[in-house]
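Residue numbers (our numbering), protein chains in the order written: chain G, 11 to 689; chain E, 11 to 689.
Possibly wrong hints are sitting among the right ones.
Note that identical chains are pooled: a pair holds if it fits in a single copy or bridges any two copies.
What the hints assert, rightly or not - No farther apart than 35 Å at their CA atoms in a straight line, the calculated lysine-lysine pairs in the DSBU-like style are these: (1) LYS509 x LYS565; (2) LYS58 x LYS623; (3) LYS674 x LYS235; (4) LYS31 x LYS565; (5) LYS376 x LYS592; (6) LYS674 x LYS238; (7) LYS674 x LYS171; (8) LYS623 x LYS490; (9) LYS577 x LYS616; (10) LYS509 x LYS490; (11) LYS533 x LYS577; (12) LYS171 x LYS238; (13) LYS94 x LYS251; (14) LYS31 x LYS171; (15) LYS38 x LYS592; (16) LYS280 x LYS235; (17) LYS565 x LYS140; (18) LYS592 x LYS31; (19) LYS31 x LYS577; (20) LYS51 x LYS376; (21) LYS58 x LYS509; (22) LYS577 x LYS623.
In case anyone wonders, no lab produced these hints; they're calculated from the structure.
There are 2 protein chains.
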Amino acid sequence: MMRRDLIEEGDNPDITMERRKATFSVDKMAAFIHGGEHKLKRRREILKFVESEADFRDPIPPEFMSRQQRLENNTRKVVAMTDKSDVIDQSDFFEEGMYYQSLVMGRDLHPMSLHYVMFIPTLQGQTDDKQLDHWLPLAVSRAIVGTYAQTELGHGTNLSKLETTATYDPTTEEFILHTPSISAAKWWPGGLGKSCNYAIVVAQLITQHQPRGPHPFIVQLRDHKTHKPIEGITIGDIGPKLGINGNDNGFLIFNNYRIPRRHMLMRHAKVQPNGEYIAPSHAKLGYGAMVFVRSVMIRDQAMQIAAAAVIAIRYSAIRRQGEITAGSGEVQILDYRTQQYRIMPQFAKALVFLFAATQVKELFQKVLGSKGLTQLFMSPYFEKTDCLKSVSAQITGGNTELLQELHVLSSGLKAVVSWEVAQGIEQCRLACGGHGYSQASAFPEIYAYAVGGCTYEGENIVLLLQVARFLMKAAESVRKGNARLAAITGYLNEIGRSKCDLDSWQTASDADLIRDFEHVARKQVFTAFDFLQQLQREGRSTEDAWNAASVELCKASRMHVKRYLVKTFLERVSECKDPELKPTLDLIGRLFIFDQICAHMGSFRKECYMRDKQAENVSRAVYDILALLRPNAVALADSLDFSDRELHSILGRRDGNVYPALLKWAQQSQLNVTEVNHQ
Amino acid sequence: MMRRDLIEEGDNPDITMERRKATFSVDKMAAFIHGGEHKLKRRREILKFVESEADFRDPIPPEFMSRQQRLENNTRKVVAMTDKSDVIDQSDFFEEGMYYQSLVMGRDLHPMSLHYVMFIPTLQGQTDDKQLDHWLPLAVSRAIVGTYAQTELGHGTNLSKLETTATYDPTTEEFILHTPSISAAKWWPGGLGKSCNYAIVVAQLITQHQPRGPHPFIVQLRDHKTHKPIEGITIGDIGPKLGINGNDNGFLIFNNYRIPRRHMLMRHAKVQPNGEYIAPSHAKLGYGAMVFVRSVMIRDQAMQIAAAAVIAIRYSAIRRQGEITAGSGEVQILDYRTQQYRIMPQFAKALVFLFAATQVKELFQKVLGSKGLTQLFMSPYFEKTDCLKSVSAQITGGNTELLQELHVLSSGLKAVVSWEVAQGIEQCRLACGGHGYSQASAFPEIYAYAVGGCTYEGENIVLLLQVARFLMKAAESVRKGNARLAAITGYLNEIGRSKCDLDSWQTASDADLIRDFEHVARKQVFTAFDFLQQLQREGRSTEDAWNAASVELCKASRMHVKRYLVKTFLERVSECKDPELKPTLDLIGRLFIFDQICAHMGSFRKECYMRDKQAENVSRAVYDILALLRPNAVALADSLDFSDRELHSILGRRDGNVYPALLKWAQQSQLNVTEVNHQ
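Here chain G stands alone, though its shape is the one from the complex (with noise of 0.2 Å):
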């Protein structure tokens, strides 16, 4: 018997009719898709510890907050997320730690975001053995709390044109930090604003006369007690977002500032009391911890377009609006074919690249070994200083190939994703009409966080490029005969078929599929690295001849990451032999692959890889298939295993009562506090 847990008595009776529809049950679905029972009952310990918290209950609704209030807000629960982190296993931030953080805060992270995520962590890697027994226990205790400022006014990723300088000063043993122009100030590090009495600054150092490029400081922003800016220092908050309003993103300028010489971290580089500069002994890429950032956000973005989705399906199946055939009483709009056209594929892109993030997370295990896993894996939140102190941000060793290939791709697929999340996200928010306008449905919230991930942690446009040049690297040594490519682009060194040989997608196999899509990513890969080729010998430098063909790159590295996508997915699905839960994720792969296909059909009629017959097929498995997902879609849904407190969004309530409850959230709106307003 299926369970129906979902069911309870009171629900709107059109979701409830959905889930009795289900071929599945959900619960087995749910552990599939969060990788095991296990992951799923431990999902549900920590949100029945957060929903029993009295600390973590806000007062209204954030949305009807100021940002005062908010802040303030969030400043509250994050110190009682911190204290009571003992709940979430501390060498899993990767799941639970995410988890844990997005349902205590929800979408808006909180004041202290860096300090955990950038602070503590560079304080690990950049001090010496001394500074580290210094800072590291006031730093994990709140002693003081940091925040990580490298990015200028009119400074991001161009780290070596940072205008900040510190000059040493041998006299007093002090360097002098300076923001000599508008453009140098500080901007954008969270938590700066008002929040942090700390921040690790990265300047340009000045020593015995000369530059030495970026280095990192640690330096005290507010007094101790007061909290007041130390004189020298001009600091605020840089204004309202799109979103994440809750948190105090800030500026921070220097008026000759001076702090002291130790103050400088000095695991790697080193300034003598004289001035005299000692170099770091080699330079080192942080590969690892770029590999680990990245995988914990593209599972974050996953979980923002399953969000949204959930939500989408949830209210289409309880809003029932138009007439198919004239009479016979208004459908659930999740009836409409354009309807399902709109959701099921973000749906199907949520599990895509849930399951890719899980993916890169594992061979990154494979690499490292599970021990450097679990140390850069562990939560930040972790209180104990000792076991901290071992962990190094820099991981090394290990398959470098590998590493190196998996470091592309993590670039690749957070690039491609934050884009696909983005405009998936809205697409949903479209389909719920006028109600996904209001900020009760969530959506506003879902996706001025979820967007911010394709600038933040790399631009989107400058990581294909830096996928590209590898790509470009790799099709070269094909093209030499002497390519040495690891697994995840081995393929560029097949020949593959010239036709694609789909037939009806009933019978296309997995095997097929990938094929066709590493055809294309191959033709699209060379057809990138001809024209590079042509523009040089035109008499163009490999620098123009880059930027010139940098349009045609970027579609090399995204197809690169679609069959890495495609193939993982199918890959993944394949190990599940359950006949119950199956069919349907045969289909939802099936949806994102002839979806996909559709959306790059140029690429796949090239050379009439793809005929006439072949195309009119593909877009009308994309009909054909949401036809046969429509009775489970709610069910699906369910199966992401979203709380209503994580969802947060009336429209997608478990119970689907959304009017009253639309009814009685609006109520709390700031503007209905009187009734009537003083003009």
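Chain E: place on chain G using the hints.
Frame of chain G; chain E shown alone:
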């Protein structure tokens, strides 16, 4: 000599350098874009007036205000705007009225939007003479302020299923308005929450125990003196939204609320004192009013993507980041091909959409004759009651076939344009990196304002399917050989050619390019038609087949609209004989066209219409054109004639001095009022 009047001392040197590079006069280009020197002169007169009036000033930028403050500020401004509307030509709401409103109100609308756009026009169109004499002067003088309450919590576009009842009681000669369930609460009307004291309420009329369908009633909501809701009425704000939060969209619940019989608007249907119902003599199709509203919307949408493109271009001219050639200094980010690729097609869309809106208006003028048009396009801010009385919102007569095609076209344009605009704005925002995420950029408000247009005034998918219904009838008539198609769909009845002629992009003629789009649109229309037929042959009912084919139907509508956009733009540009402007306008048109071909490449490759080499030429053409447009990018942005007031964007400032202005802006943040937040 070129006019360089946008160059001023103290400007950012990078932006001045760009302006010096222009190959055309910005004023000449602006005059062409805006429809003549006179239009440009009027824009500047209106701007000067608005800038000179203290009443139109905001005490602080609205993004720093609470909702309460915004609402009050907007109310104050809209009163002043109406009082001073003599500055605009009252017969030109399409351009002058909308421009004036955007200058005064920004992108927040105002609590009286619906008073002018719906309440007064409904009084004009739906009252009998005696009612008009009573209500119109009150409304025009703002003795009463009204809104239009039609949609309900559970009901949107499907009027016939509204739940609110108006039951006639002949004993007291009153209607009893009642909200029988929560899903019947009126929901969304602008200004309803706190501002309006009247509403036109659409409710299901019941008289003599018979349901008579939805009818309009004028209803007092709040006390004239105290402004408190009257007993029997529950009313409030519906809470914060994605955008437009300076408007108090509201909800309204009736508890057996009685209104006099004569508060039913009785121009068409009537209820006699004894309860007898007199049906309207004939149902009228309000094509005219809808075409009017949509042409205004399309122009407004075009101006939003235009603003986004201008901001992104100017910012990209002063932002320097990264080096194309190592050691040669950081470049303006506008030099990156990827950046041009993100932004310039959005600029092209702005012009294409703007010209399409003007064309719709002109076609409409042709159909109606100038008198009807003058009346319909009259500013709703016009204060002369006598004149307003003679305006009927229901325009009939004229060339019925063309009017119908025009109505269909305007629906399709609204759907396609609003979607492309939303997408384009986000591309521009993302192209500005982190600063694009700040509200200082104005992108968040531009996006939130514009993307609402995908949902209101006809949900986009619903509209595309309406267009498709018309196209399917046209296709059927073509197949049957009895087609009588007016100008806009005539191409469906042509044969065309089976292969694309495109050689190099430089030699492609306008006629050839239009033919390419006609071919693809026609192909898609008949593909959808054949699919429908096939589904019916397979045994589906007409309605089920329609639903199953609906995604293909939407595709057909989109291509029909895109073909129109291409044709309209090329025709308008062909009227330009100025050799100073023509080459650049041609490039803009080619950029739009080739970018659109790339976006629909799958369709252009069908039946080998376009060969591999041609497809490659098309994408390479885009890159070539981007390089050719690069030197004129800032001059093109300037040619849209936005003032800093209208853009309301720190990143898009004329003077390019972005960084100091960002700092000054941020210092106004709510969180910076005190140095230390109380915890």
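For this session: Give the relationship of LYS674 and LYS171 under a CA distance limit of 35 Å: within one copy only, between copies only, both, or neither.
Result: between (52 Å within a copy, 23 Å between copies)
Exercise. Between LYS376 and LYS592, at a C-alpha cutoff of 35 Å, which is it: within one copy, between copies, both, or neither?
Worked result: Classified as within: same-chain Cα gap 27 Å, cross-chain 61 Å, threshold 35 Å.
Problem set entry | Homo-oligomer pair classification [LYS577, LYS533; C-alpha up to 35 Å] | both (17 Å within a copy, 34 Å between copies)
Problem set entry | Status of LYS565 relative to LYS509 across identical chains (alpha carbons, at most 35 Å) | The answer is both: 21 Å in one copy and 27 Å across copies each meet 35 Å.
Problem set entry | Within, between, both or neither: LYS51, LYS376 at alpha-carbon 35 Å | within (26 Å within a copy, 69 Å between copies)
Exercise. Given a CA cutoff of 35 Å, do LYS577 and LYS616 count as a within-copy pair, a between-copy pair, both, or neither?
Worked result: both (22 Å within a copy, 27 Å between copies)
Exercise. Between LYS31 and LYS577, at a C-alpha cutoff of 35 Å, which is it: within one copy, between copies, both, or neither?
Worked result: Close inside one copy (31 Å), not across copies (50 Å); limit 35 Å.
For this session: Give the relationship of LYS31 and LYS565 under a CA distance limit of 35 Å: within one copy only, between copies only, both, or neither.
Result: between (41 Å within a copy, 32 Å between copies)
Problem set entry | LYS577 and LYS623: within-copy, between-copy, both or neither at 35 Å Cα | both (25 Å within a copy, 30 Å between copies)
Exercise. Is the C-alpha distance from LYS58 to LYS623 at most 35 Å within one copy, between copies, in both cases, or in neither?
Worked result: neither (53 Å within a copy, 61 Å between copies)
Exercise. How would you label the pair LYS592, LYS31 (within, between, both, or neither) given a Cα cut-off of 35 Å?
Worked result: Cα proximity of LYS592 and LYS31: one copy only (17 Å, versus 62 Å across).
Exercise. How would you classify LYS623 and LYS490 at a CA-CA limit of 35 Å: within, between, both, or neither?
Worked result: between (37 Å within a copy, 26 Å between copies)
In this structure, the hints that do not hold are numbers 2, 17 and 21, in rising order.
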